[in-house]
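Peer 1: Chain residues, written in single-letter form:
There are 2 protein chains.
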Amino acid sequence: MTDTAQTSDPQTDPKTPALSPQDMVCFSLYSAVHAMTQAYRPHLEALGLTYPQYLVMSALWSAGEAPTVGMLSRQVQLESSTLTPLLKRLEAMGLLTRRRDAEDERQVRIALTDAGQSMQGRTSHIAGCIAEQSGMSVDELLALRDQVSRLRDNLRKG
Amino acid sequence: MTDTAQTSDPQTDPKTPALSPQDMVCFSLYSAVHAMTQAYRPHLEALGLTYPQYLVMSALWSAGEAPTVGMLSRQVQLESSTLTPLLKRLEAMGLLTRRRDAEDERQVRIALTDAGQSMQGRTSHIAGCIAEQSGMSVDELLALRDQVSRLRDNLRKG
DNA sequence: TTCGATTCTATCGTGCACGATAGATATGTG
DNA sequence: CACATATCTATCGTGCACGATAGAATCGAA
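Here the protein sequences line up with chains B and Y, keeping their order.
Start counting the first sequence at 355; every next residue gets the next number (the numbering used here).
Start counting the second sequence at 355; every next residue gets the next number (the numbering used here).
Treat the hints loosely; a few may be bogus.
[What the hints assert, rightly or not] Computed beta-carbon distance windows for the label pairs: (1) Y:Ser374 / B:Ser435: 17 to 27 Å; (2) Y:Gln376 / B:Ser434: 19 to 29 Å; (3) B:Ala497 / Y:Lys511: 17 to 27 Å; (4) Y:Gln376 / B:Arg452: 36 to 46 Å; (5) B:Glu419 / Y:Thr467: 48 to 58 Å; (6) Y:Gln376 / B:His479: 12 to 22 Å; (7) B:Ala465 / Y:Thr467: 19 to 29 Å; (8) B:Arg510 / Y:Thr467: 32 to 42 Å; (9) Y:Gly489 / B:Arg443: 29 to 39 Å; (10) B:Ala497 / Y:Glu457: 40 to 50 Å; (11) Y:Arg454 / B:Ser472: 49 to 59 Å.
[Stated by the list, open to error] Per the computed footprint, the stretches of chain B lying under chain Y, defined by three or more beta-carbons under 8 Å from a beta-carbon of chain Y, are: (12) 378 to 385; (13) 435 to 448; (14) 456 to 465; (15) 476 to 484; (16) 489 to 499.
Treat the hints as calculated values from the structure; they're not laboratory data.
It should be emphasised that the depicted structure is a prediction, and the values quoted were computed from it without experimental measurement.
The beta carbon of each residue, even a glycine, is placed where N, CA and C say it ideally should be.
Between the sequences and the hints, there should be enough to build the whole structure, so can you do that?
Peer 2: Structural data, given as structure tokens:
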């Protein structure tokens, strides 16, 4: 993400002035994610979750039936090599179960336990806290979300 | 970032409908960073750098004189526990040197080697490639950068 | 100037995150 | 049925990223 404009020719001018991280779109995203993780931390520590774990739990709370690892992977955009150990940790905490699908034994279905289901109720205050801390209006946040999602989808296509 | 609006009361209604990751501002940022890292990967692999390493190199290219670890830490918003091993790897690649400051022996000053300096010239095309791949105009990207930076700074304050 | 407090970097342990790869199951073609 | 191909999850190695902590150097106040 040195992805802002450069007027001088990059091929002929070997001393193009360097873009500082502060100038780059990529750095704003990168540092915002870390700041967001820090903002979530106290809320999630009370639940014993990390941020990626919370993200997977959110996917499960909003899912209809027990999704497969592949379905989760596509939804949260993480590889199976990331998800498998993460899901094993959530299983060890007693929040979900992992079971081979009888129809297709290659797939593993993830189902919430009662403890996993009931945890959702203890997360409902978090959204408002973060939104307030963001110092932005709900409309601004929604617009930002849509812009960032559009950027992400375009980058994935390219 | 379940940080969009909830109309039902979170205290009295234990079954608040769950926000899917796709609804959350935090997830858009989180997934956009991963997409951005993937977009950078082919360009950075040619240089033998990871994205965080590239970020630190960018900070050094735009810095006036040899900054300390603490100065870099504040600029790229990473802890010394992250920077120290990262800087050691860049040192092992011959891109920079780490030396104790004579004035204040607690501090370590980071200076680019010739190889580190000259690498900058080979990065000048990357910005344009990513900007094009983003499918957004320069004005949109700059506006997005400023919005995301504002969000980050507000979250850091809270 | 002496010693308590602060500053600064490094170390350690845990948990992502990914590419490469393996291994098991399923599918399709003959 | 046989066998090549594809799909799906898991494993392994590398590199972040952070909190907690340690240890050295500096600063400050009596």
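Peer 1: If a hint holds in the structure, say so; if it does not, say that too.
Peer 2: We went through each hint and held it up to the structure:
1. Y:Ser374 / B:Ser435: 17 to 27 Å: For B:Ser435 against Y:Ser374, whose Cβ atoms are near 23 Å apart, the range 17 to 27 Å holds.
2. Y:Gln376 / B:Ser434: 19 to 29 Å: Between Y:Gln376 and B:Ser434, where Cβ atoms are some 20 Å apart, the hint holds.
3. B:Ala497 / Y:Lys511: 17 to 27 Å: holds (22 Å)
4. Y:Gln376 / B:Arg452: 36 to 46 Å: violated (24 Å)
5. B:Glu419 / Y:Thr467: 48 to 58 Å: holds (57 Å)
6. Y:Gln376 / B:His479: 12 to 22 Å: Check passed, 21 Å falls within 12 to 22 Å.
7. B:Ala465 / Y:Thr467: 19 to 29 Å: violated (55 Å)
8. B:Arg510 / Y:Thr467: 32 to 42 Å: holds (36 Å)
9. Y:Gly489 / B:Arg443: 29 to 39 Å: Given a distance of about 36 Å, which is inside 29 to 39 Å, the answer is holds.
10. B:Ala497 / Y:Glu457: 40 to 50 Å: Holds, at about 48 Å.
11. Y:Arg454 / B:Ser472: 49 to 59 Å: Since Y:Arg454 and B:Ser472 have Cβ atoms about 54 Å apart, the given range 49 to 59 Å holds.
12. 378 to 385: holds (count 8)
13. 435 to 448: As far as the segment 435 to 448 of chain B goes, the hint is violated, because 0 residues have Cβ atoms under 8 Å from chain Y.
14. 456 to 465: violated (count 0)
15. 476 to 484: holds (count 7)
16. 489 to 499: holds (count 8)
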